[in-house]
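Here is how the chains run, residue by residue.
Protein chains: 6
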Amino acid sequence: MPALPAELAGQVGAALREDIGAGDVTAALVPATQRVRGRVITREAAVLCGTAWVTETYRQLDPAVRLSWHAADGDAVVAAQVLFGIEGPARAVLTGERTALNFLQLLSAVATAARAFTDAIAGTSCQILDTRKTLPGLRTAQKYAVRCGGAGNHRLGLFDRVLIKENHIAAAGSITQAIHAARALSPAIAVEIEVESLPELTEALGAGPDIVMLDEFSHADMRAAVLLRDERAPGVKLEASGSVTLASVRAVAETGVDYISVGALTKHVRAVDLSMRLEFGAHRS
Amino acid sequence: MPALPAELAGQVGAALREDIGAGDVTAALVPATQRVRGRVITREAAVLCGTAWVTETYRQLDPAVRLSWHAADGDAVVAAQVLFGIEGPARAVLTGERTALNFLQLLSAVATAARAFTDAIAGTSCQILDTRKTLPGLRTAQKYAVRCGGAGNHRLGLFDRVLIKENHIAAAGSITQAIHAARALSPAIAVEIEVESLPELTEALGAGPDIVMLDEFSHADMRAAVLLRDERAPGVKLEASGSVTLASVRAVAETGVDYISVGALTKHVRAVDLSMRLEFGAHRS
Amino acid sequence: MPALPAELAGQVGAALREDIGAGDVTAALVPATQRVRGRVITREAAVLCGTAWVTETYRQLDPAVRLSWHAADGDAVVAAQVLFGIEGPARAVLTGERTALNFLQLLSAVATAARAFTDAIAGTSCQILDTRKTLPGLRTAQKYAVRCGGAGNHRLGLFDRVLIKENHIAAAGSITQAIHAARALSPAIAVEIEVESLPELTEALGAGPDIVMLDEFSHADMRAAVLLRDERAPGVKLEASGSVTLASVRAVAETGVDYISVGALTKHVRAVDLSMRLEFGAHRS
Amino acid sequence: MPALPAELAGQVGAALREDIGAGDVTAALVPATQRVRGRVITREAAVLCGTAWVTETYRQLDPAVRLSWHAADGDAVVAAQVLFGIEGPARAVLTGERTALNFLQLLSAVATAARAFTDAIAGTSCQILDTRKTLPGLRTAQKYAVRCGGAGNHRLGLFDRVLIKENHIAAAGSITQAIHAARALSPAIAVEIEVESLPELTEALGAGPDIVMLDEFSHADMRAAVLLRDERAPGVKLEASGSVTLASVRAVAETGVDYISVGALTKHVRAVDLSMRLEFGAHRS
Amino acid sequence: MPALPAELAGQVGAALREDIGAGDVTAALVPATQRVRGRVITREAAVLCGTAWVTETYRQLDPAVRLSWHAADGDAVVAAQVLFGIEGPARAVLTGERTALNFLQLLSAVATAARAFTDAIAGTSCQILDTRKTLPGLRTAQKYAVRCGGAGNHRLGLFDRVLIKENHIAAAGSITQAIHAARALSPAIAVEIEVESLPELTEALGAGPDIVMLDEFSHADMRAAVLLRDERAPGVKLEASGSVTLASVRAVAETGVDYISVGALTKHVRAVDLSMRLEFGAHRS
Amino acid sequence: MPALPAELAGQVGAALREDIGAGDVTAALVPATQRVRGRVITREAAVLCGTAWVTETYRQLDPAVRLSWHAADGDAVVAAQVLFGIEGPARAVLTGERTALNFLQLLSAVATAARAFTDAIAGTSCQILDTRKTLPGLRTAQKYAVRCGGAGNHRLGLFDRVLIKENHIAAAGSITQAIHAARALSPAIAVEIEVESLPELTEALGAGPDIVMLDEFSHADMRAAVLLRDERAPGVKLEASGSVTLASVRAVAETGVDYISVGALTKHVRAVDLSMRLEFGAHRS
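Residue numbers (the working numbering), protein chains in the order written: chain A, 24 to 308; chain B, 24 to 308; chain C, 24 to 308; chain D, 24 to 308; chain E, 24 to 308; chain F, 24 to 308.
Derived from the structure by calculation, the hints contain no laboratory data. Watch out, some of these pointers could steer you wrong.
Pairs involving identical chains hold if they fit within one copy or between any two copies, as the list cannot separate such chains.
As a list, the in silico SDA-like pairs of lysine to any residue whose alpha-carbon atoms are at most 20 Å apart [unchecked claim]: (1) Lys260 - Asp233; (2) Lys260 - Trp92; (3) Lys260 - Gly231; (4) Lys188 - Glu223; (5) Lys188 - Thr78; (6) Lys260 - Gly229; (7) Lys188 - Glu302.
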């Protein structure tokens, strides 16, 4: 299991506050001593992700709710499969249901998408990366889901990698000057530069970046770029970017690029269809 | 324009913090005095939503950035249309770009989906509603987008409406007892109950709820439900729920139900494709 | 017991931080191993409310403090009655005393006032409601207390009900136009309108609101309003508002209105007089 | 004007969030360009307090709202007096009205109570102090209001003064030992001790506290306490505590004690009756 | 042990968030079931401080981590001494190491400095105090460490003592007027005034402050100040301030002043050198 | 100027709240209309850092305070040099003085230390880096100061680089396995490994890390390490770590290592000695 983000508890707390607000007026209909037992199933195949968010939801609501997980983050699950069992005070189980499932259906969606792209390029040496096109406030959660789906994380934010684009190059004067300026300003941080043509790539390789992003290159140009890189600067990584779909991703990977970044992993979401089914038990004596 | 949520500034602040963190190491390459001018276009047709989030993003980053909006929340925009112009210090414009667009592409996606469902039932007296299946931490923003798309909001959270489901009925003893208990507990709040058959509906109508949710009813049963309601309790509203798609929504609306709630409006997201294009100007003297 | 608000833990945390700050310099005089046992009594009759806030206070301070409650939220208690027993590390018990009692004396005061108004109209079909005239930051706690006292909650805030007043009517053009605009803007939300005379009521009833607020009506006019409503729009609720006191509330209820809203429930507070009495035990070995 | 607390902006933000939540659904009925002008009057005599909270409310909501104050914190105002004029966008004025008035009616209530007690002892050398019996989360605001009413603040919290009570004396072994321990632990902080009899006072005076609190002393014993103090430890201050009312406070002050602490100043609230009256203007071009 | 500040949990949470962010990518290399046992030693002599911050760090990360403390806050420890043992899940132990040690090395540094100054004046009746020259956001933690080192706290902030300086005197008109104004404005709060010469001291003593700060007085002038005080206002405390070092502090204390305030205690930090040593155990079955 | 961290406003807000609390009781002595003008000087040579924190302090307190900076972050300043002028309402200037200077004296201290180490290795191709040994809650501010001093940032936290140490190697089985595992888990993130001997370095170089940290190597072994790296894996960077002082740093740099990480930059602080000098002007009319 990849590392969990520190924001997890805060994300869960915010979600509970926005859903519960002044109090769950429906759960108040259930006797405070009523207990319940149930399970959550998926109605469709998916890659599971978000178990820690579900656990945290019930930990914050009522530690007396017990969960028993039947699958782990990153596991492929099939339609009708039980994901977890749940048991405890009925009010807390009901009050937390939507918040818990909202996290699970979202993060499993992201992991499922990441797995689809990763599977599509299986056997190549290429890797799928995410982008900064994420849902506001949920970036670290989505990046965790990407890792659970077997893909990797591009930079987390503006702070952990220099990514030089057209506007920065214009400001610096040239590709070479931009890379040198970045190295001087941030000596121990990875420097990536975006190029739009093979001549730009040639200049970039000469200036020693860690990674070059090939922006909207044709597949032929990507192959040429890989040859150029192998010859001139074998340590530099190449990243393909722009309009890559599940249909086209394998062809891109086979050009020999090291990374393919895919905005669709985190900016689009097709929530996984989940369902909680409960049986009411006797009252707690 | 519908009312803006109070969480707006907090949502923007959180998004900026997660993206900028220890600082934008790339923007630091641009001279502090450099100015820039540009515009944001949409690459596809959409219903615009999120202008206040974009404005707040730049207000928090640097009030010297000026925006000029060419369209308003709720407006239908077409591919290549300019959404807003932007002008100001280059560093701030670049640093805020992704956060601003992440809000705009998400909220426009929600408004666009809401408009598609609303348009599909045009001419009927039925209304589309959202659900609590939302992205954690972004509910009030998504509910605002739903309103911009012309649909309505179902309850905001667990606090502003009683929604009695199967488990609550079991706990209360019967449909009638559950509704009476809800009225007693929450005298001035709307009470909705979910039923799964016409006999359950008949019992529910006799107990005086404000709304009855018809869970996975066939279209024929929905029509029967409308007749029953008209006869027995004309003031009660009927809401269709469950597996309604853009293809089926009009047929559902034509059964005569008052509301159709659609989880897909807020749990799935197909981000609108936006692009910021900049021209660097002279330095600020 | 009504539903607890999600803000509870945050309200307690803020109260503890404002009271403890840099540290309880007096409790530091007591040996860290000293234990204590005690009880909290009320010095006057009241309706108890706030037990969950007291529990949360000690849970945040030191989970080793044990509370045993002798009464529950909503219970009528009499002078000198023991409300709860307390046992645990002396420092934590002493440090939390004032914060715990500040919540309990405030929320019991609100519940007590709500019960007094509710009792005064016993036997009528009318119900007492609160208002938005609350103590800043404590609204959801006060609204919970109102429910514990047997009264109901008017809207929680500006977000969960349309309440059209004179100024909105002026902006919309007429009572009818205002109600129609509200329905269009907020299709699934309750719409209430304030009227100042019987002719205004007549117009309002024709436009189909959920509730009409009768602002400062005489008792005679209230009775006339009830008749008018019964005749023209029997599904619409009537709410009396303005200057209702404990002395006048029964007469108002007997006019046949459905609700009476009372700002005094939450804007005035007469804290219940409570006292914690402790006996120091042996040191913890 | 006394010093404003740092929590002011946070208190206002929390109040606005709890009131506005997902958005003001009624203000949305008013055209966005509509402007309004009005004034807030008091319906009863009071000491004004809370102007900075009102200003901050509108500053956070919309800086285009302009306020013109006709009275300042600490001023005595009479029934029907105009407190401030207001002018600006109608939506923002309406949305902020309740939050602004909730602060003003609460803090003016506290200042009014403080002034009543202060006036009652005019001409004596005694001073009225507040206590830690405050509304949770609003302590610093209430303590500011107390100062505006002309009374003084007892300790702000558990951190800024040692206040030794019965339980601490028991833990320390004796009054003398408790005071010595406090001095050793907190060398530069004021030390106060509560005593319940004249013999206890005698022992306390010998140990050198800064202040002695006379708990529920008779007026005769207070006078004896003052004589004892003058003779044995003239630098020590005496504070009367317990069940002091507006009726009895002057008699207490005339015993010669230095301070009288009054829990009622901040634990009870009788909100001042305020009203905002608006006139709608032309639209903003 | 002195009283712990209420901000402790918040300080730890902030530190964990800034260190862990999107997740500990290195700890993810260790199997989730791996357990570890170890101990933390100091590599140099120090006064220990910060045990509660370490405990809270692991409580927030993973309550399954167990700590066994071999020394307490305020204890003098020697090079190579074991401070605490640690045992638990290897990932959590590793992830929390740096945050825990950052608090412990900082707070022990402050306590060590405080003890050095305190020891230097042992046997005199003078006391060392800290100042408001602290690390932003860490003041209450540092003030706690000062107390653990045996020194006292000067005011916590701008709120708990009046400290009249040159600029305030100028604004008030004279030393006497400034002290009288402070008494009137803040009747129950300590009033301190800074003077720069013996004539100023003479005027100050006549106006009845609680403390006089002697700013940059020579040792001879301090002795004269003490005599003056003993003669004219024996209840007033004298505080020496300005450029006092470990070398000069005893001579200052021997002048007879009551307090010496030392900015260096909290504005300079020489972190104590600590080390965590671990042994990996078998996996948790 | 390097990029500013997003936490800046939050750090300033927290510092103001801890200093001002319930209000500045001394500034309240100054008339609200009094204006003041002044300047801040440094009493010793330093590298300036923290101007944005000072600006933000006064922006939050009172935007009417005007600052005019005479030097910028990263500038070397000399004793008695004026850093900035200040002008505005006297109360706000006085209230913010300590918070503003606390940031400036701390961050300038860090930048000054970074500059000293950087200057000591001038002319070599080596670079000084900081560590995660920082003041809790202030890491991003300190890392900014390190950049202003001309040194670079090592990882920001546990999230932006894999740093494999002895315990992780033991868990993974071998150096080679640990590096391979890290690459698989975090495909697009830098991987660094710590080695304690030349044979360990040899194994590490064969497994393809981005950086190798040489832990407590002798200078001779560092030179051997550089030769080994040049021969076997020229693209891998070498970082010297452990007990490097200002006296020894040049000798370390001359061994040919690429980076030297220095905990002392951020864990020790010798605050720069600053002073604000004010002149009171006429009242604001």
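Hint check results:
1. In this assembly of identical chains, Lys260 and Asp233 lie within 20 Å of each other by CA distance both inside one copy and across copies; the values are 6 Å within and 13 Å between.
2. Taking the closest pair of Cα atoms, Lys260 and Trp92 never come within 20 Å of each other, the shortest separation being 39 Å inside a single copy and 40 Å across copies.
3. Taking the shortest Cα distances, Lys260 and Gly231 sit within 20 Å of each other both inside one copy (11 Å) and across copies (14 Å).
4. In this assembly of identical chains, the alpha carbons of Lys188 and Glu223 lie at most 20 Å apart only when taken from the same copy (12 Å versus 39 Å across copies).
5. Proximity of Lys188 to Thr78 under the C-alpha cut-off of 20 Å is found in neither arrangement, the shortest distances being 41 Å within a copy and 24 Å between copies.
6. In this homomeric assembly, Lys260 and Gly229 come within 20 Å of each other (Cα to Cα) both inside a single copy, at 13 Å, and across copies, at 19 Å.
7. Taking the shortest alpha-carbon separations for Lys188 and Glu302, only the inter-copy value of 13 Å comes in at or below 20 Å, while the best intra-copy value is 56 Å.
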